[in-house]
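There are 2 protein chains.
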Amino acid sequence: MGPTKYVYFFGGGEAEGRGDQKELLGGKGAGLAEMTRLGIPVPPGFTISTEACLEYYERDHAWAEGLAEQVIEGVRRVEALMDASFGDEERPLLFSVRSGARASMPGMMDTVLNIGLNDRTVQGLVARTGNRRFAFDAYRRLVTMYGDVVLEVPHDHFEAEINSLKSRRKVRSDTELSDEDLERLVRIFKRTVVQVTGRPFPEDPHEQLRKAVNAVFESWHNKRAIEYRRLQSLPDNWGTAVNVQAMVFGNLGETSGSGVAFTRNPATGDNHLYGEYLPNAQGEDVVAGTRDPMSIDSLNDRHPALYKQLQEIRGKLEGHYRDMQDVEFTVQDGKLFMLQTRSGKRTGAAAVRIAMDMVREGKIDVETALLRVDPKQLEQLLHPMIDPKVVYQADAKGLPASPGAAVGKVVFTAEDAKEMAEKGEKVILVRPETSPEDIGGMHAAEGILTCRGGMTSHAAVVARGMGKPCVAGVANVVVNLESGELSVGDRKILRGQVISLNGTTGEIVLRELPLVDPEQAGAFGQFMDWADERRRLRVRANADTPEDARRARKLGAEGIGLCRTEHMFFGADRLPHMRAVILARTEAERRRGLERLLPMQREDFIDIFRAMDGFPVTIRLLDPPLHEFLPKQEELIHKIAEVQFAITKAASLSEIDKLAGELNCWRDLLARVESLHELNPMLGHRGCRLGISFPEIYDMQARAIFEAARKVADRGVVVIPEIMIPLVGDVRELEFVEKRVRAIAEAVLVDDAIAFKVGTMIEVPRAALTADEIGAVAEFFSFGTNDLTQMTFGFSRDDAGPFLAAYEQRGVMKSDPFQSIDERGVGQLMKMAISKGRSAKPNLKIGICGEHGGDPQSVAFCHHAGTDYVSCSPFRVPIARLAAAQAVIRERKS
Amino acid sequence: MGPTKYVYFFGGGEAEGRGDQKELLGGKGAGLAEMTRLGIPVPPGFTISTEACLEYYERDHAWAEGLAEQVIEGVRRVEALMDASFGDEERPLLFSVRSGARASMPGMMDTVLNIGLNDRTVQGLVARTGNRRFAFDAYRRLVTMYGDVVLEVPHDHFEAEINSLKSRRKVRSDTELSDEDLERLVRIFKRTVVQVTGRPFPEDPHEQLRKAVNAVFESWHNKRAIEYRRLQSLPDNWGTAVNVQAMVFGNLGETSGSGVAFTRNPATGDNHLYGEYLPNAQGEDVVAGTRDPMSIDSLNDRHPALYKQLQEIRGKLEGHYRDMQDVEFTVQDGKLFMLQTRSGKRTGAAAVRIAMDMVREGKIDVETALLRVDPKQLEQLLHPMIDPKVVYQADAKGLPASPGAAVGKVVFTAEDAKEMAEKGEKVILVRPETSPEDIGGMHAAEGILTCRGGMTSHAAVVARGMGKPCVAGVANVVVNLESGELSVGDRKILRGQVISLNGTTGEIVLRELPLVDPEQAGAFGQFMDWADERRRLRVRANADTPEDARRARKLGAEGIGLCRTEHMFFGADRLPHMRAVILARTEAERRRGLERLLPMQREDFIDIFRAMDGFPVTIRLLDPPLHEFLPKQEELIHKIAEVQFAITKAASLSEIDKLAGELNCWRDLLARVESLHELNPMLGHRGCRLGISFPEIYDMQARAIFEAARKVADRGVVVIPEIMIPLVGDVRELEFVEKRVRAIAEAVLVDDAIAFKVGTMIEVPRAALTADEIGAVAEFFSFGTNDLTQMTFGFSRDDAGPFLAAYEQRGVMKSDPFQSIDERGVGQLMKMAISKGRSAKPNLKIGICGEHGGDPQSVAFCHHAGTDYVSCSPFRVPIARLAAAQAVIRERKS
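From first to last, the protein sequence lines stand for chains P and E. Going letter by letter, the first sequence gives residues 5 to 898 in the numbering used here. Going letter by letter, the second sequence gives residues 5 to 898 in the numbering used here.
Worth flagging that the hints you see were computed from the coordinates, not collected in a lab. Take the hints with a grain of salt, since some may be wrong.
Heads up, the list lumps identical chains together, so a pair's fine if it works in one copy or across two of them.
Calculated cross-link-like contacts (lysine-lysine; reagent style DSS-like; alpha-carbon spacing at most 30 angstroms) [unchecked claim]:
| no. | residue 1 | residue 2 |
| --- | --- | --- |
| 1 | K715 | K349 |
| 2 | K380 | K401 |
| 3 | K818 | K845 |
| 4 | K818 | K761 |
| 5 | K743 | K227 |
| 6 | K349 | K558 |
| 7 | K743 | K818 |
| 8 | K835 | K849 |
| 9 | K835 | K845 |
| 10 | K653 | K643 |
| 11 | K393 | K496 |
| 12 | K422 | K401 |
| 13 | K636 | K339 |
Construct the complete structure from the given sequences, taking the supplied hints into account.
See the structure below:
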């Protein structure tokens, strides 16, 4: 066996590497090899493998055995093809040295260009190009880039020198400097290198190359790259490949230039070459945006041959990769060189359209098309967004809590939101955090901004359910409710001023931005049909109102997996009755309040059942702690002080009497609020614990459900109610409630025409642990993965922000368990519950209704774990449908 | 096969039943049968089995087939022995009809005496006894008892009639009524029966008997009995036996009487007959306490033969049962009849002494002796108690949160407690609830009373740790801190008034009661040695101070299983530094605060290590959320208002300046307190989450531990520190902290002379679920079963009071999972963690340090689950030692 092969040559239509060797050659290296094999013009060069990088670290920053020889051989082969020689004074060959990891890490690692220039070879470049200015510009770029990257001379040293020269020359731009100025700069920069490092700039091209390669190896472990990998959950042990490639120059005059292009439009998916071209420029100039590039279409007029060649390459690449490509190219003296190809990023709409077009073009099959679209991207197809043509800078950034964009006037209370909205104003509701009492205001608002809270805060969950954009947990934004001000850094925004939110990115902009409705790809329905034909999991929606239910159905929901009944109690006509129920001193009083709520609750269900005709509707009985329905303590203390003050000003005894009566009422209310105060309400008196303490509340809800079911069934609607008991941890809790619910069903339904089920949430760890007992009683399980995650980790999602931030910073926790199901812990409990539950009842219906139901990774987990369905907010239903189909396809393929 | 046997006869020295048939015959029936077999005089009779009772319910309140015939045969056999006949006018036989379940349910079910009396047989009784008054007294008792129990005539009807007659006769007591009056009462009562029920009182003795038996059957399901079984966790499906027994009378004159006795002293265990005798009285009169009984010893003087016979019976019973018996007897005309025998209840001291004496007497072996003492009773041996001779009535009752009794003056703040205690006053600290800041005051107080909180509230846990009596969660007690008043119902107690607490029973008495130090049975040490020789589990103590550590060692602890370091930060000299740490704006500032804490913390550990020389000391790094170390929000708002007011009154500009500075400080503090506010602190920023956010805090603690260890080791102390990381849910959390701790150990310890371990609490469900990963890093596990129970059930122990009360009331939850480990749920997680942990590290050391470590049932669970040790508060160490021994013995026997 010879020495390990570390260097993979490409050029002249041949390549030692292949496109499928991304792990070994990195994405860039694999692309260069593959393009070369396809006969596409690529400057020759070689890729030093990731194995060489790993070996470099293994050997404590020394090159692997044989690497030096293989590099020399690579240089030799490039020289042979380029009719030039590395270090040659007359026909100098220059190299670029670029990083290239398995996955794209844009700008995170280092690059050195123009390797091979020194005081002698630069003269050869001058002679060969006839362009002294170009040659010394390239040379001074080498010195700064090499100085910065390899020699660690702080970049501002060079900046300072160039600025000093420009001010002496009284010019503003680098381009106004003369050839001599650039030559002088090279001398000055080299002096700087000596001053800072104590050594001269290396004139030896091979030393330059060797150290540049080392610098790229080292950059795998620079701070930026480590941070980026942490954020993207990429492993640290991949290493990077290094691409050493003959330099080509787009800045040799008007017949040269650089461009970037997509083989199809990445925004719309339109099947045309799409991109930009900048004449007489290097690649960096196109990206930097300092000059306005021309569109690639206009290239057709100015350089038709070039355009034609690009089109041919486009055909070749798409024919080969069977996917839309993102390419970089340079034209040197009229000759086209491709420098990079990779799969192109695209919008959701473009992703769907490209996938479908490629099926029609025969490039890919339906299943590949389904895998080509990231389910999360579908969300973009459903929400308005900020006009992508507008360039803007965010004034603040929070969590992208609910996607889409919104523009409107700032208001600080739910009341205000409702009033302004009634007058036809568009408003953004800004709150420190939201509570169930704000629901009406959230509904009236275009978007919601909260200073606190995370991705699963009340605001985020409700906003996603409503399909409203929401930005949550913004660190440097403070709401002062008293003064009616929003502070963003130093800037103050008053009520009524217009701001824009981008819930997809978490950005906040303190002015009005234009919005556009996203194009829904025409064939979207067809695409989703393909997905539906393949998935095993059913997809339901979490919907609390008839409006939500209708929207969910339109988006493909096959029933409601979670209808929260508590939201029904916050309406202005209901809250007083609900409060009467809570404040009741006797069961009889409580029943009177409940009787007044019964007909309203019944009407809610009637409309929802109608909207879901033919589909099951899972209704969760009252879940939140009672204090959520009462005013806040501070509010009451304030009110009491007001009335006390009014008493001191009262004009008559009768007025005092009246006020004193009022005062007592407020005080009673305050006492009750205080008595309901809990230290840890998440683990307090809520869910079925309420239903067991005050059985008459659940009785009323069960009655309302069955009466509504009977009423709509009488009119021909197919109604399938599923009554869900929350927060069960022991089978006896379920039994207690289940018996009463069945008794009421028996009394109300009279005959068996309506099939209903009684089941339970599995959201307390103990419920999962004892699912065999619970499964013997429940007719279905629905995982409440929000609470299950909270209790399994012992994290309160409202309070986890500060320490989860520290965890991320210190690399202790790589992914947020509130986003995707924690498979090791929470998932283990879920699997246990499924297997124990079905051991008790083989055909037990099992679903999930936490926020995870709309997360593709979690949907895939549910598919494998064997749930029957997932349920998510209406706007996430298409995501779940696609994710469920992908899970099936991937399972089949693996 | 003949008909099922339902009736078991006993009498004349023979019995069909046996003493080991408690399930079939009930405790009383089995005892009567066994005594009869032993030749002890027992009035003849028969027991109707519990099967007959169950069958009665099965057949919808009808007698089982053959029962009627068997009862008639039973009556016949009694008649034959008694020389009397049921319903006979001349020699009438009377029966008592008594309930008797498998376990004693004192007073819960019904009894009817004197069955067989009617207008004709009463004349026979008059003739036979020559005592007309006695006969009619028995008759009128039958009518009221039967009327009440069988016919459901409310008792107050009879009361009203008797009172009306007494007032007409102008007498006060029943005994002052004449024979004629009693005869007249019978007539009046019978008229009442007709008026209320519409039917005459049954004259037929057999009808009386049949219906009395039915009434006893029915009483198994009366409200009282159901409630009692719920409280005692007894099943509902046992049913009761019915004992039908010939009546004997202790009220036939001075040669008759009734008594109760214990075969040994139930308070001290002293080996002498102990009891009371009341001449010319029925059994009820002894129990009612209306007349003063004589001691059984004085019987020796007055009725030596009787005394001798009792002593013989005592010997027979103890020889047979090999346990101390509690007996009832009646003397009729000088003839002794035993009516009941059962194992006698006894104090902890008596239990130990009797068990040891019986070993010495050769009656039982050591293992039986160990099983004879309820481990919980040992607690009585360690705490002062209210003088058992004093009769008192509780003014309020709460939860028996920490055993023992205390008497002292009421104070409402920890400060006040400390000041008063310094002056030598005994005080009771009364708080709505306690927080870590109250520790000093709790220490200074004799006992603690809190209005809120449960058995595992802060007050309860800390009090048990300190061995102080505590009563918690008292419903009708309200503390008004502002007015300085304690309201107990309508009564107000001011600061300085003396009250008494009984933490063993939860009773509160609003006056001074005398206390006694419990007798520690002399042989206690020997008894515990026996236990220690047999147990497999090690027993450690939870101890935070050197004082606790010394006490724990004295009580037999083999190390410290939980040393909470946070309590060390609440001292007056430390709190300011801790606050500086929390308020620090930079890491450097934080480090400065920590440096000041380091030497103090080191001293704490030095003293504890010395006290535990040779034993392991498990030290838990900081656990509670930081806000616990800061003042309360309300306190700060109040303070700020004060300073603001002072500013308006300030006399000079410089004074204003000073006050304004102060104001800013308070406001900063308030802002920090508000920013640390959490919605669910239990699931918030605490435990290792603090150690990861602020690693310098744990660094300081680790340094203090290792420096202390080195210091004491240098002086020859054998120190075995075990550093325990709290609230770990993911192995990466543990790794992060563990690495830093080891790095500090390496720096401080220099050589390997000190063996230390780094391990983790298992208290988050996810830790148990991923114990294989965690076990690969941790060197030991310690189950924090308090938090594990909270998170597994989703119960906040601080908030669970209201709904757990409802659960108990509605029979949804039979036992409190904070008292004994919930084996189905929490226990399942523990077993999983043990097996997964040991799969990663076979010799992983595993313990438990939650409150459950001192609960006998939970100790037995730990024994079976395979932990290496349990750790509990010092005063519970003997309990755990005995419970661990019992677990071994029971395992061996089964």
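Legend entry - Hint numbers not upheld by this structure, sorted from lowest to highest: 1 and 13
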